[in-house]
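Asker: The primary structure of each chain is shown beneath.
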Amino acid sequence: MRRRRKGIYSRVKDKTMPGLQTSEPGPSTESTSHALLGFLQSQSQNTLTRLYQRPSSCLSVFRLLGPLERQLVMNLLWMDSAIPASMMSAWITREGRKPYEGSLSILSKLHILPNPTAKLALNLTFKTSLRHAITGGGTSGSFGVPADRDSKHPSPSIEALDTYALERWETILHYMVSSGSGRYPNRPSQGVLLLLQRSGLMTSVQGSALQITSSGFQFLLHPPHAQLWELLLQYLHMAEERQMDLVEVLSFLFMLSTMELGRDYSVEHLSQTQTAMLEDLRDYGIIWQRRASSRRFSPTRLATTLTSSAPPLPTAGGAASNTQGQGFIVLETNYRIYAYTDNPLQIAVLNLFITMKSRFPNLVVGAITRESVKKALANGITADQIISYLTTHAHPQMRKNKPLLPVTVQDQVRLWELEKNRVKSQEGYLYTAFASQADYEYVLNYAKQLDVVLWESAAKRCFFGSIEGHANIRGFIERRTAGNV
Amino acid sequence: MKAIKGVLLTCDSAVKQILLALNEKGSFIIEDLDDYHVVIKADEEWRVRRELEAELEKNTYSLE
Numbered sequence: 068m069r070r071r072r073k074g075i076y077s078r079v080k081d082k083t084m085p086g087l088q089t090s091e092p093g094p095s096t097e098s099t100s101h102a103l104l105g106f107l108q109s110q111s112q113n114t115l116t117r118l119y120q121r122p123s124s125c126l127s128v129f130r131l132l133g134p135l136e137r138q139l140v141m142n143l144l145w146m147d148s149a150i151p152a153s154m155m156s157a158w159i160t161r162e163g164r165k166p167y168e169g170s171l172s173i174l175s176k177l178h179i180l181p182n183p184t185a186k187l188a189l190n191l192t193f194k195t196s197l198r199h200a201i202t203g204g205g206t207s208g209s210f211g212v213p214a215d216r217d218s219k220h221p222s223p224s225i226e227a228l229d230t231y232a233l234e235r236w237e238t239i240l241h242y243m244v245s246s247g248s249g250r251y252p253n254r255p256s257q258g259v260l261l262l263l264q265r266s267g268l269m270t271s272v273q274g275s276a277l278q279i280t281s282s283g284f285q286f287l288l289h290p291p292h293a294q295l296w297e298l299l300l301q302y303l304h305m306a307e308e309r310q311m312d313l314v315e316v317l318s319f320l321f322m323l324s325t326m327e328l329g330r331d332y333s334v335e336h337l338s339q340t341q342t343a344m345l346e347d348l349r350d351y352g353i354i355w356q357r358r359a360s361s362r363r364f365s366p367t368r369l370a371t372t373l374t375s376s377a378p379p380l381p382t383a384g385g386a387a388s389n390t391q392g393q394g395f396i397v398l399e400t401n402y403r404i405y406a407y408t409d410n411p412l413q414i415a416v417l418n419l420f421i422t423m424k425s426r427f428p429n430l431v432v433g434a435i436t437r438e439s440v441k442k443a444l445a446n447g448i449t450a451d452q453i454i455s456y457l458t459t460h461a462h463p464q465m466r467k468n469k470p471l472l473p474v475t476v477q478d479q480v481r482l483w484e485l486e487k488n489r490v491k492s493q494e495g496y497l498y499t500a501f502a503s504q505a506d507y508e509y510v511l512n513y514a515k516q517l518d519v520v521l522w523e524s525a526a527k528r529c530f531f532g533s534i535e536g537h538a539n540i541r542g543f544i545e546r547r548t549a550g551n552v
Numbered sequence: 600m601k602a603i604k605g606v607l608l609t610c611d612s613a614v615k616q617i618l619l620a621l622n623e624k625g626s627f628i629i630e631d632l633d634d635y636h637v638v639i640k641a642d643e644e645w646r647v648r649r650e651l652e653a654e655l656e657k658n659t660y661s662l663e
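Protein sequences appear in the order of chains A and B. Quick note, the first sequence lines up with residues 68 to 552 if you use my numbering. Quick note, the second sequence lines up with residues 600 to 663 if you use my numbering.
Keep in mind that the hints are not guaranteed to be accurate.
Unchecked claim - Calculated lysine-lysine pairs in the DSSO-like style (CA-CA distance at most 30 Å, straight line): (1) Lys657/B - Lys491/A; (2) Lys615/B - Lys515/A; (3) Lys601/B - Lys487/A; (4) Lys515/A - Lys601/B; (5) Lys515/A - Lys624/B; (6) Lys640/B - Lys527/A; (7) Lys515/A - Lys604/B; (8) Lys615/B - Lys442/A; (9) Lys657/B - Lys441/A; (10) Lys624/B - Lys441/A; (11) Lys441/A - Lys640/B; (12) Lys442/A - Lys601/B.
What the hints assert, rightly or not - Pulled a few chain A residues facing chain B out of the computed Cβ check, cut under 10 Å: (13) Asn418; (14) Glu486; (15) Ser492; (16) Tyr496; (17) Thr499; (18) Lys527; (19) Cys529; (20) Phe531; (21) Gly532; (22) Asn539; (23) Arg541; (24) Ile544.
In short, the hints are calculated from the structure, not lab data. Virtual Cβ for every residue (Gly too), placed ideally from N, Cα, C.
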């Protein structure tokens with residue numbers, strides 16, 4: 068056993084191992100449809116058309132689309148006249164029919180392809196803007212206006228931006244994780260806290276400090292790209308309430324996503340809404356500014372990868388991030404966990420459901436115990452979430468095992484969860500002492516139609532109905548008694 | 600006929616026996632339905648859950 072562990076240790080140190088990089092799929096390849104597309108589809112045609120007036124927005128939306136949709140858009144982009152739908156569908160093989168129709172419906176919901184049943188032609192605004200985006204030209208400044216070189220303050224280096232973005236982003240995640248432990252690391256700003264609370268990732272129980280919720284833990288399991296969009300989607304929902312112009316907000320995000328990393332941009336051409344957004348985006352680590360009143364800003368890697376499949380946070384280099392994106396957890400059949408990490412965030416996440424034993428410069432040793440799992444379950448973390456976290460972050464060496472995690476541990480964690488749910492309680496009313504069997508059956512039938520019966524016994528001539536059905540059942544019985552009299 | 604407000608507890612038969620034993624000390628059971636179901640007073644639910652938890656805890660052993 069000891070020798071094997073040593074072997075793993077030396078492998079982690081050797082970062083040039085080629086096999087390590089390929090174990091995890093890229094952030095956006097695993098999901099077929101981007102989270103933002105759903106949001107865009109729910110917007111009105113008017114909003115979308117205004118959005119499509121900006122070339123950078125069109126390019127970003129285009130990048131968010133799936134391969135087939137992109138192909139369709141590209142085919143139609145340079146057409147001057149519409150194509151009959153029958154002509155297009157003649158090219159589709161029988162197997163391709165379903166994905167093709169799916170793509171058409173997505174494009175039509177986005178109002179990129181109005182009315183796809185008759186003639187296929189791109190939305191005129193979208194077509195013009197996307198052509199602009201590809202060929203250049205126009206002076207709309209929709210891709211951002213670079214600031215003039217400032218000899219006094221040179222723009223920050225890419226490394227500095229990466230460090231800054233990572234620090235900001237991990238502050239948010241770290242705050243979520245250490246909530247409830249009583250220790251508070253750096254508090255993110257009020258705006259971020261509100262966002263976390265509104266998105267249901269954290270909740271405050273009776274005015275106490277914020278606590279991570281079950282969906283908050285699920286959030287931690289997602290890749291950074293998905294996390295970022297999840298928060299931004301919530302931001303968009305809140306933007307509507309804050310009376311911010313959604314088109315301005317969206318187009319600013321899209322503008323950021325097409326900017327160049329390591330370059331300064333001027334704030335002068337931003338609208339009022341967008342200037343107000345700068346503060347929020349600074350808090351998330353999406354942009355960097357020297358001072359709050361600075362006339363220029365630099366997008367970080369979080370911003371420039373918003374609509375691309377490149378990783379949003381630097382994976383190589385930087386002591387704090389060397390284990391990001393690859394597995395670091397070794398779990399043994401005796402419930403012991405060895406986590407090869409020095410990242411405080413990852414250690415804090417583990418601390419949610421394991422008991423720490425000892426800590427070394429690049430290794431944390433702990434164990435999954437009944438107490439630690441019970442504590443996690445009490446915080447709303449489920450057994451499945453624990454198992455999937457361990458699976459996602461399993462050390463490459465663990466991936467040789469089949470199944471990946473020891474079955475004993477998996478089963479035990481699930482059993483502990485079951486143990487917590489040994490008693491299920493449902494509020495309601497017990498209906499009993501019916502005058503006759505016919506009476507009983509009559510009322511029971513009615514209750515069954517309402518689908519509120521939780522338990523019944525013909526022998527005892529009684530049944531238990533949920534609390535929601537009580538008003539109806541009482542009304543039913545009263546009407547019946549009144550009718551009989 | 601009668602309608603009695605309460606909470607329906609669905610549990611395994613071992614837990615059911617512990618509930619019956621607890622009921623000896625302080626009565627909270629309205630109706631003992633069958634091996635897996637019992638109706639208890641709604642406002643006693645959290646006390647019962649706490650006591651049940653303590654009772655189950657006695658039967659687990661930890662290495663710590």
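Asker: Evaluate each hint against the coordinates.
Answerer: Hints, verified against the model:
1. This hinted pair checks out: Lys657/B and Lys491/A have alpha carbons roughly 21 Å apart, not beyond 30 Å.
2. Distance check on the hinted pair: Lys615/B and Lys515/A sit about 27 Å apart at the alpha-carbon level, within 30 Å; holds.
3. Of the pairs offered as hints, the one joining Lys601/B and Lys487/A is violated, with about 34 Å between alpha carbons and a cut-off of 30 Å exceeded.
4. Among the hinted pairs, Lys515/A with Lys601/B is consistent with the structure: their alpha-carbon atoms are about 18 Å apart, no more than 30 Å.
5. Between Lys515/A and Lys624/B the alpha-carbon distance is near 37 Å, which puts this suggested pair outside the 30 Å criterion.
6. Taken as a hint, the Lys640/B and Lys527/A pair is honoured in the structure, with Cα atoms around 20 Å apart against an allowance of 30 Å.
7. A distance of roughly 19 Å separates the Cα atoms of Lys515/A and Lys604/B; the hinted pair therefore holds under the 30 Å criterion.
8. Note on Lys615/B and Lys442/A: the hinted pairing holds, with a Cα-Cα distance of about 25 Å set against a maximum of 30 Å.
9. For the given pair, Lys657/B sits about 15 Å from Lys441/A by alpha-carbon distance, which is consistent with the 30 Å threshold.
10. Under the criterion of a C-alpha separation no larger than 30 Å, the hint pairing Lys624/B with Lys441/A is consistent with the structure, at around 28 Å.
11. Our distance criterion of 30 Å between C-alpha atoms is met by Lys441/A and Lys640/B, whose separation comes to about 27 Å.
12. Pair hint Lys442/A plus Lys601/B does not hold up; C-alpha atoms about 42 Å apart against a cutoff of 30 Å.
13. Look at Asn418/A: its Cβ only gets to about 16 Å from chain B, farther than 10 Å, so that hint breaks.
14. Taking 10 Å as the C-beta contact cut-off toward chain B, the hint placing Glu486/A at the interface holds, the least distance being around 8 Å.
15. Taking 10 Å as the C-beta contact cut-off toward chain B, the hint placing Ser492/A at the interface holds, the least distance being around 5 Å.
16. Restraint check, Tyr496/A versus chain B: the minimum CB separation of about 5 Å is within 10 Å; hint holds.
17. Contact between Thr499/A and chain B, as hinted, is supported at the beta carbon level, the nearest pair being about 5 Å apart and thus within 10 Å.
18. Interface restraint check for Lys527/A: the shortest CB-CB distance to chain B comes to about 7 Å, inside 10 Å, so the restraint holds.
19. About 8 Å separates the beta-carbon of Cys529/A from the nearest beta-carbon of chain B, less than 10 Å, and the hint is met.
20. The closest approach between the C-beta of Phe531/A and any C-beta of chain B is roughly 5 Å, which is under the 10 Å cut-off, so the hint is satisfied.
21. Because the closest C-beta pair between Gly532/A and chain B is about 8 Å apart, less than 10 Å, the hint holds.
22. Taken as an interface hint, Asn539/A does not check out: its beta carbon lies about 12 Å from the nearest beta carbon of chain B, beyond 10 Å.
23. With 10 Å as the threshold, the beta carbon of Arg541/A comes within range of chain B, its nearest partner Cβ sitting at about 7 Å, so the hint holds.
24. A distance limit of 10 Å between C-beta atoms decides the matter here; for Ile544/A the minimum to chain B is near 7 Å, and the interface restraint holds.
In this structure, the earlier hints numbered 3, 5, 12, 13 and 22 are contradicted, and the remaining ones agree with it.
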